[in-house]
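Make a model of the complete structure from these sequences and hints.
There are 2 protein chains.
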Amino acid sequence: MSERMADDVVLSSRVRLARNYKDIPFPSMMNDVWASETIRRTSDAVATLPDAAGYSFVRLANLSKIQRQEMVERHIISRDLLRSADVAAVLLGRENTVSIMVNEEDHIRLQVLLPGAEVEQAAQIAREVDDALETRVDYAFDDQLGYLTACPTNTGSGMRASQMLHLPALTMQHQMGAVGQAVDKLGLTIRGLYGEGSEAGGDLYQISNQVTLGRTEAELAQAVRETGNQLADMERRARKMLLVKDRAGLEDRLMRSVGVMLYARRLGEKEFMQRWSDVRLAGSLGLVQVDVQALDQLLHSAQNGSISCRAGREMNAQERDEVRAQYVRTALGAH
Amino acid sequence: MSERMADDVVLSSRVRLARNYKDIPFPSMMNDVWASETIRRTSDAVATLPDAAGYSFVRLANLSKIQRQEMVERHIISRDLLRSADVAAVLLGRENTVSIMVNEEDHIRLQVLLPGAEVEQAAQIAREVDDALETRVDYAFDDQLGYLTACPTNTGSGMRASQMLHLPALTMQHQMGAVGQAVDKLGLTIRGLYGEGSEAGGDLYQISNQVTLGRTEAELAQAVRETGNQLADMERRARKMLLVKDRAGLEDRLMRSVGVMLYARRLGEKEFMQRWSDVRLAGSLGLVQVDVQALDQLLHSAQNGSISCRAGREMNAQERDEVRAQYVRTALGAH
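Same order as they appear, the protein sequences are chains A and B.
Under my numbering, the residue at position 304 of the first sequence is numbered 304, and the numbers go up by one with no gaps.
Under my numbering, the residue at position 332 of the second sequence is numbered 332, and the numbers go up by one with no gaps.
Don't read these hints as lab results, they were simulated from the structure.
Any given hint could be a false lead.
Heads up, simulated DSS-like pairs for lysine-lysine below, C-alpha to C-alpha not over 27 Å straight-line [to be verified]: (1) B/K245 <-> A/K270; (2) B/K270 <-> A/K245; (3) B/K65 <-> B/K270.
Chain A side only, calculated, beta carbon under 7 Å to chain B, not exhaustive [said to hold, decoys possible]: (4) F141; (5) M241; (6) E251; (7) M255; (8) L262; (9) R310.
Backbone N, C-alpha and C define an ideal beta-carbon position, used for all residues, glycine too.
Okay, here's the thing in structure tokens:
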């Protein structure tokens with residue numbers, strides 16, 4: 001029940017494990033020969049997994065700039081992986097819920113991404129894949145410290161667990177500063193997922209653990225889930241408060257965004273993100289019938305990289321905004 | 001054909017005749033006894049018309065403030081009639097297309113209001129009613145000057161003919177200054193129908209003749225029709241130009257207004273007028289299916305007076321804006 005309910009706030013959960021080969025220098029120190037070796041070793045190991053047939057192997061060098069951007073927008077690869085694009089690769093499995101990035105900051109970044117508040121389920125899957133790989137390769141591991149990583153903050157379990165949260169009511173009520181401090185005290189961190197500086201495009205935030213040393217994977221996942229649940233409860237209370245204070249004003253704002261999403265002929269990415277947030281909140285409050293799953297897919301599929309990727313070419317901003325508006329209308333079932 | 005086509009620009013046509021009783025001082029000079037006498041004489045005359053049963057008789061003193069405002073918004077009575085509300089009356093006939101105002105600036109103001117570019121038809125109806133009344137009463141008439149009126153500009157035929165035009169494309173292209181000068185040269189005048197100063201709410205304008213002396217009723221009506229047709233042609237060319245210059249930009253603007261009209265939960269009168277103009281243009285350009293007749297009715301029925309009148313009470317601005325948004329959604333067939 002609580003997991004089911006969380007979907008009005010928690011969009012997705014992610015777990016990422018950092019691993020390095022014992023006998024290969026860390027990526028920041030290695031040459032291209034070593035880089036090829038990590039790719040070979042990792043793909044060979046994945047090839048012997050029981051579900052190996054479900055994996056695809058992609059070298060970033062073989063992707064266009066817009067194809068890479070599209071994968072970042074879908075959170076299938078990290079933005080950091082682009083920095084080493086000429087020597088990086090990714091193995092995608094289990095219908096893109098598992099992605100094994102090679103030659104990011106560490107040799108291996110194993111990521112599991114699930115919709116909803118399923119961080120412990122994601123941790124479980126990550127552990128299964130990690131255990132299976134570890135029977136095939138040797139990782140840099142210290143009995144005292146745990147897994148060794150390029151950045152010391154990842155040393156230990158090497159795990160980062162996170163949730164993506166939609167917090168429009170807390171944002172509208174200017175409570176994100178206080179929320180940030182509370183999250184900090186719990187040893188977690190919160191940041192806007194899109195946009196620059198303190199603004200969070202789409203009112204979307206990510207909570208994640210800051211350090212991994214000295215805590216088990218299960219403890220980390222649990223901490224993220226519990227904090228996510230607390231924020232979700234705060235957000236729900238804030239939504240109720242907004243309705244009590246000025247129902248008509250809130251409905252007007254949200255429904256205008258529904259109207260714009262269904263009728264606009266040009267939508268910039270920034271405006272799209274804000275309207276998207278309004279429409280998702282309108283759906284959660286029952287003001288409109290929205291397929292929330294379709295809406296959440298739209299979040300990445302209507303961003304610049306995805307738009308250009310589907311078109312198969314670069315577009316100027318105006319053309320892209322027109323294609324986005326058309327795409328959004330179709331996705332939301334407008335005529 | 002040309003009359004039919006004009007509906008995309010010409011909303012309505014109006015003819016108004018000014019008449020005064022021979023033996024009663026003009027309204028600005030008369031006392032309440034004389035005012036009662038003009039009302040009695042006029043209603044007695046109307047009562048003997050062949051279609052007398054189709055007329056209703058209303059004393060403004062018996063109407064509430066919001067009921068009066070509603071009649072002004074529907075153009076059934078003039079705003080000037082409100083200034084003498086305590087001694088004024090109106091006789092409404094032929095399904096409100098004919099209204100005979102008593103004790104406005106003149107004893108009698110006979111008005112005929114028709115939808116579309118039907119100014120000559122309106123003049124014809126006004127003439128019929130006027131002729132019928134004139135067999136029953138004695139008007140102040142001079143063989144040289146024609147009908148005598150309170151204001152000398154009305155002396156002569158006593159007729160003012162006008163059309164209400166929707167000129168959004170000319171407005172957007174900042175051509176209304178040039179249009180005003182051209183209309184001036186033709187001996188007509190143009191002004192914004194709503195809004196203050198130079199702004200024309202809803203991009204709605206009225207053209208009318210300035211003087212009546214020395215021109216026959218037929219000539220005046222013809223001049224207004226011809227000028228209206230010219231402006232309508234200019235407006236249509238301006239619309240085509242806008243589409244050529246930036247079709248997507250225009251469509252985006254208009255369709256966003258369609259979205260807002262269908263989804264907003266609060267609509268101020270000023271915003272409503274602008275959105276209304278956009279939606280009417282969208283309908284005329286075939287971007288959306290709109291019942292133009294329903295839209296034109298909405299123009300007055302969604303204004304402040306009509307909203308309050310239907311509610312049967314005064315409302316604060318916020319409540320009225322919410323009722324307006326609801327009313328607009330229903331009228332446009334939103335769910």
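Hint by hint, here is what the structure shows:
1. At most 27 Å may separate the alpha-carbon atoms for a hinted pair to count; B/K245 and A/K270 meet this at roughly 26 Å.
2. In summary, the hint linking B/K270 to A/K245 is supported, as the alpha carbons are separated by about 26 Å, within the 27 Å threshold.
3. For the proposed pair B/K65 and B/K270, the alpha carbon gap of about 21 Å is at most 27 Å, so the pair holds.
4. For A/F141, the suggested interface contact is broken, since its CB lies about 57 Å from the closest CB of chain B, more than 7 Å.
5. About 18 Å separates the beta-carbon of A/M241 from the nearest beta-carbon of chain B, more than 7 Å, and the hint is not met.
6. Because the beta carbon of A/E251 sits about 4 Å from the nearest beta carbon in chain B, less than 7 Å, this interface hint is met.
7. Interface restraint check: A/M255 against chain B, minimum CB-CB distance 4 Å, threshold 7 Å, status holds.
8. Among the interface hints, the one on A/L262 holds; its C-beta lies about 6 Å from the nearest C-beta in chain B, closer than the 7 Å criterion.
9. Because the beta carbon of A/R310 sits about 19 Å from the nearest beta carbon in chain B, more than 7 Å, this interface hint is broken.
Of the numbered hints listed earlier, those contradicted by the structure are 4, 5 and 9.
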